[in-house]
Amino acid sequence: MDRRRVEEAVMKGLMKAATLLIVGVLGLIMLTILVRGIRAMSWSMLTQTPKGGFYLGREGGILNAIVGSFYIAGGATGLAFAAAVPVVLYLNVFCRRGSRTAAVIRFLLDVLWGVPSIVFGAFGFLLMLAVGLRASLLGGILTVSLFVLPILCRAMDEVVRMIPTDLLESSYALGATRLQTAVRVVLRQASAGILTAVLIAFGRGVGDAASVLFTAGYSDQIPQSLTRPAATLPLAIFFQLGTPFPQVQDRAYAAALILTVVVLATSLLSRRLGRRLTRHSIS
Amino acid sequence: MNQPHIRVENLNVYYGSDHSLRDVSIELPGRQIIAVIGPSGCGKTTFLKSLNRMVELAEGARVTGRVLVDGEDIYSPTAEVTAIRKKMGLLSQTPRPLPMSIYENVAYGPRIHGLNDRRKLDEIVEFRLRQVGLWEEVKDRLGQPASRISIGQQQRLCLARGLAVEPEIILADEPTSALDPMSSRRIEECFLELKKDYTIVIVTHILRQARRLADYAAFFYCGRLVEHGPAARMFENPTQRETIEYVKGIIS
Amino acid sequence: MGLPNRTKRSRLYDRAAAVLMGVLARLSGLIVIVIAAGLFWKSVPILKNQSLSALLFSSEWYPLRGQFGFLPFIMGSLWVTGTAMILAVPLCLLTAIYLAEYAPRGIREGMRPLIDLLAGIPSVVYGVWGVLVVVPWVKRAAGWFGYSTSGYCVLSAGIVLAVMIFPVIIHMTVEILRAVPQEIREASLSLGATQWQTIKKVVLRKAFGGVLAAIVLGLSRAFGETIAVLMVAGNAVRSPTGFLDAAYPLPALIANNYGEMMSIPLYDSAMMLACLILLGIVLVFNVLAKLVLMRIQKEIQ
Numbered sequence: 001m002d003r004r005r006v007e008e009a010v011m012k013g014l015m016k017a018a019t020l021l022i023v024g025v026l027g028l029i030m031l032t033i034l035v036r037g038i039r040a041m042s043w044s045m046l047t048q049t050p051k052g053g054f055y056l057g058r059e060g061g062i063l064n065a066i067v068g069s070f071y072i073a074g075g076a077t078g079l080a081f082a083a084a085v086p087v088v089l090y091l092n093v094f095c096r097r098g099s100r101t102a103a104v105i106r107f108l109l110d111v112l113w114g115v116p117s118i119v120f121g122a123f124g125f126l127l128m129l130a131v132g133l134r135a136s137l138l139g140g141i142l143t144v145s146l147f148v149l150p151i152l153c154r155a156m157d158e159v160v161r162m163i164p165t166d167l168l169e170s171s172y173a174l175g176a177t178r179l180q181t182a183v184r185v186v187l188r189q190a191s192a193g194i195l196t197a198v199l200i201a202f203g204r205g206v207g208d209a210a211s212v213l214f215t216a217g218y219s220d221q222i223p224q225s226l227t228r229p230a231a232t233l234p235l236a237i238f239f240q241l242g243t244p245f246p247q248v249q250d251r252a253y254a255a256a257l258i259l260t261v262v263v264l265a266t267s268l269l270s271r272r273l274g275r276r277l278t279r280h281s282i283s
Numbered sequence: 001m002n003q004p005h006i007r008v009e010n011l012n013v014y015y016g017s018d019h020s021l022r023d024v025s026i027e028l029p030g031r032q033i034i035a036v037i038g039p040s041g042c043g044k045t046t047f048l049k050s051l052n053r054m055v056e057l058a059e060g061a062r063v064t065g066r067v068l069v070d071g072e073d074i075y076s077p078t079a080e081v082t083a084i085r086k087k088m089g090l091l092s093q094t095p096r097p098l099p100m101s102i103y104e105n106v107a108y109g110p111r112i113h114g115l116n117d118r119r120k121l122d123e124i125v126e127f128r129l130r131q132v133g134l135w136e137e138v139k140d141r142l143g144q145p146a147s148r149i150s151i152g153q154q155q156r157l158c159l160a161r162g163l164a165v166e167p168e169i170i171l172a173d174e175p176t177s178a179l180d181p182m183s184s185r186r187i188e189e190c191f192l193e194l195k196k197d198y199t200i201v202i203v204t205h206i207l208r209q210a211r212r213l214a215d216y217a218a219f220f221y222c223g224r225l226v227e228h229g230p231a232a233r234m235f236e237n238p239t240q241r242e243t244i245e246y247v248k249g250i251i252s
Numbered sequence: 001m002g003l004p005n006r007t008k009r010s011r012l013y014d015r016a017a018a019v020l021m022g023v024l025a026r027l028s029g030l031i032v033i034v035i036a037a038g039l040f041w042k043s044v045p046i047l048k049n050q051s052l053s054a055l056l057f058s059s060e061w062y063p064l065r066g067q068f069g070f071l072p073f074i075m076g077s078l079w080v081t082g083t084a085m086i087l088a089v090p091l092c093l094l095t096a097i098y099l100a101e102y103a104p105r106g107i108r109e110g111m112r113p114l115i116d117l118l119a120g121i122p123s124v125v126y127g128v129w130g131v132l133v134v135v136p137w138v139k140r141a142a143g144w145f146g147y148s149t150s151g152y153c154v155l156s157a158g159i160v161l162a163v164m165i166f167p168v169i170i171h172m173t174v175e176i177l178r179a180v181p182q183e184i185r186e187a188s189l190s191l192g193a194t195q196w197q198t199i200k201k202v203v204l205r206k207a208f209g210g211v212l213a214a215i216v217l218g219l220s221r222a223f224g225e226t227i228a229v230l231m232v233a234g235n236a237v238r239s240p241t242g243f244l245d246a247a248y249p250l251p252a253l254i255a256n257n258y259g260e261m262m263s264i265p266l267y268d269s270a271m272m273l274a275c276l277i278l279l280g281i282v283l284v285f286n287v288l289a290k291l292v293l294m295r296i297q298k299e300i301q
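Protein chains in written order, with our numbering: chain A, 1 to 283; chain B, 1 to 252; chain C, 1 to 301.
Derived from the structure by calculation, the hints contain no laboratory data.
Keep in mind it's a predicted model, so treat the numbers as computed, not measured.
Every residue gets a Cβ at the ideal spot worked out from N, C-alpha and C, and that includes glycine.
Take these hints with a grain of salt, some might be off.
[Unchecked claim] Calculated pairs, DSBU-like style, for lysine-lysine (alpha carbon to alpha carbon, straight line, at most 35 Å):
1) B:195 x C:42
2) A:16 x C:42
3) B:139 x B:87
4) C:8 x B:139
5) B:87 x C:290
6) C:8 x A:16
[What the hints assert, rightly or not] Footprint (simulated), chain C over chain B, 3 or more residues, beta carbon under 8 Å:
7) 109–118
8) 150–162
9) 229–240
[Stated by the list, open to error] Partial chain C-side listing against chain A, Cβ under 7 Å, derived:
10) 29
11) 98
12) 124
13) 141
14) 143
15) 255
16) 257
17) 275
18) 277
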């Protein structure tokens, strides 16, 4: 009798300890990034490109990577969104509930979601070789858009799937076609969730390093055209942390702080907006 | 008349701001079948679950008052909740076999209370399965998952599982509502057999079932205990307006 | 009455949209297959040149001499992933069980955004944390026990990876546990079982498949992780023999050598094969986990 009580107490203690440890690790990570990042942060970090020599120049900031990351993640999310909207509408409006085709496509998208980003990077590079494109802003956008496509599709799909069938049926009852229903009812009803999905995809796209490693290249300049290489925040961190120069490493810490803030702000924003916009839809 | 087996004093149950059970006081006699009747949502199930402190498992549930079993308050801070629950078998609305074999389902209770002797467990399993009339039906497939037998058999298995921890009281929450008429009858027959040794509290919304089984009855309405007494009097001569209407079938 | 009749045109649009969207949806589903096919096509030259078993089980990695033995990298991946799992699985299960079964609602709700936060941190940032905190810590801790290491080793990579897969495993395990019907908990508790006995013997038994799937998903995530591992694993071309040896996992190999691959014959094909191996392993894990989860979902409905 008593042993059972002791065992339960011990296990419960271990569980609480494990939970605390995980929270502690999270705190430690945030603290590390915050302390190093703030120490390295300055106004010129945000407003200047690196100066004083290619790659290893010890002055200037990381504007090139900030702008590059927004170009690539923004472009890729936009591109993937354009592809994901018809896919999601097809799965939910044009396919019947319980359709086999839809189930298979969803399954494949889930599988695609699990593909490591380095594989996307390698495959994107393969594609670029095939069409003669060199590491560039465009290459990065294309590759990252492949990377975020399954995330966007499945996140939007989950929202759109929640729309009650009655709502679609009441639109059909007015004589609307599936396309009209999809565009005017479904998209509007799911707008909050769709925005959330877009922000999630952007957050994932902006933070990923392996997919842009070979495809976007790296440059100290802000890219002036789609065919020029572009720096990104993850790679700015990765390359500059590995250098022996403290001034260059500082740029990595600053970039890590900015990247973390951008990603977390995106995720917070998506929660907030998601909650606020649901007011306009019928539940 | 027997000694009261369970005594409930000023029992109140709240779910969040919902006052589900209002100031219930009742004495339940031992070794009888006590039917708890009333329309759905009247607090019958809450009352039943407060007898073995299962009510506390719901998020935000709060209990005041006392429930004395054999004179011991089960809500007192020193009460040992597992010992209390061991004293009472629970039969739920739909049978819930545990995710293991037929044998393991019955042996589960004795095992968690520290019995590991295989021979004794074999004995217990056979004895309890015979007690609910299931032994002949399943003796050749004791190793199969319990989910494979029919629903009616599952419910009897659950009863056997409860009996295996040697309770004094059986709490049954509409135990036949998911079963076909034949299986329901077998459960009822089990109860009539078992009341020689056990106190059985059965929640039911089937009046005829209550009439068939009960020695004692308690009528709940809107969270209040309206009336209680020996079954014959309750069904023939109810005194309260709500009880009269319920027994006549005007409210249900 | 006064409504214009545009039914015909609407229906035409509708049918065109159905076809177009159908094609697009099918294409998006095909991407994963196209990726696998593309990598395979590019791996053909090296597969023709050398036998697959020689590639997988040889430790001779001398690209300039045309020798491509992947064993050190495969072993590197196994060591690093294995270490991560050893660390992550017990911690995640304990935490998930606590959150799903014991924790008061407030703590459960409060932990959710924290777990999401952990999931949202980019892998390169985990790498920075690894370099700044984990690597020096491992170096110092090893010193206390009389070992010398640079800190860039299997253990460091394992720790960083473990933290990265915490949210994957915890989140899914909590969901799985919460989906176990309350009634079977009650059935066990009503027999006088303690809560822990109920969890151990009933809840975990019922949730076994799902929890396994959650672990496998974490495993595949760890296996494919690149940048963070690359930053802390040490990257020496040699099969590790202990937790304090440097490791060179497959993703790190690909990431590090992609640039120079064009000049050496067969090198690019070898890299593509590495990608294909990585993809294959991850896909097998993912598909298995997904199938288990789909069965559970059907069971619940």
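Each hint tested on the structure:
1. B:195 x C:42: Roughly 78 Å between the alpha carbons, so the hint for residue 195 (chain B) and residue 42 (chain C) is violated.
2. A:16 x C:42: violated (50 Å)
3. B:139 x B:87: holds (27 Å)
4. C:8 x B:139: Status violated; Cα separation ~69 Å.
5. B:87 x C:290: violated (43 Å)
6. C:8 x A:16: At roughly 65 Å apart (the allowed maximum being 35 Å), residue 16 (chain A) and residue 8 (chain C) break the hint.
7. 109–118: It holds: at least three residues are needed, and the segment 109–118 of chain B offers 3 whose Cβ sits within less than 8 Å of chain C.
8. 150–162: n = 3 at 8 Å, threshold three: holds.
9. 229–240: Check failed, 0 qualifying residues.
10. 29: Because about 4 Å separates residue 29 (chain C) from the closest Cβ in chain A, which is inside the 7 Å limit, the hint holds.
11. 98: Holds, about 4 Å.
12. 124: holds (4 Å)
13. 141: violated (15 Å)
14. 143: With Cβ-Cβ at 21 Å, over 7 Å, it is violated.
15. 255: holds (6 Å)
16. 257: violated (11 Å)
17. 275: Residue 275 (chain C) check passes; min Cβ-Cβ to chain A is 5 Å, inside 7 Å.
18. 277: Cβ of residue 277 (chain C) sits 10 Å from chain A, so the hint is violated.
Violation of the numbered hints given earlier is confined to hints 1, 2, 4, 5, 6, 9, 13, 14, 16, 18; the remaining hints are satisfied by the structure.
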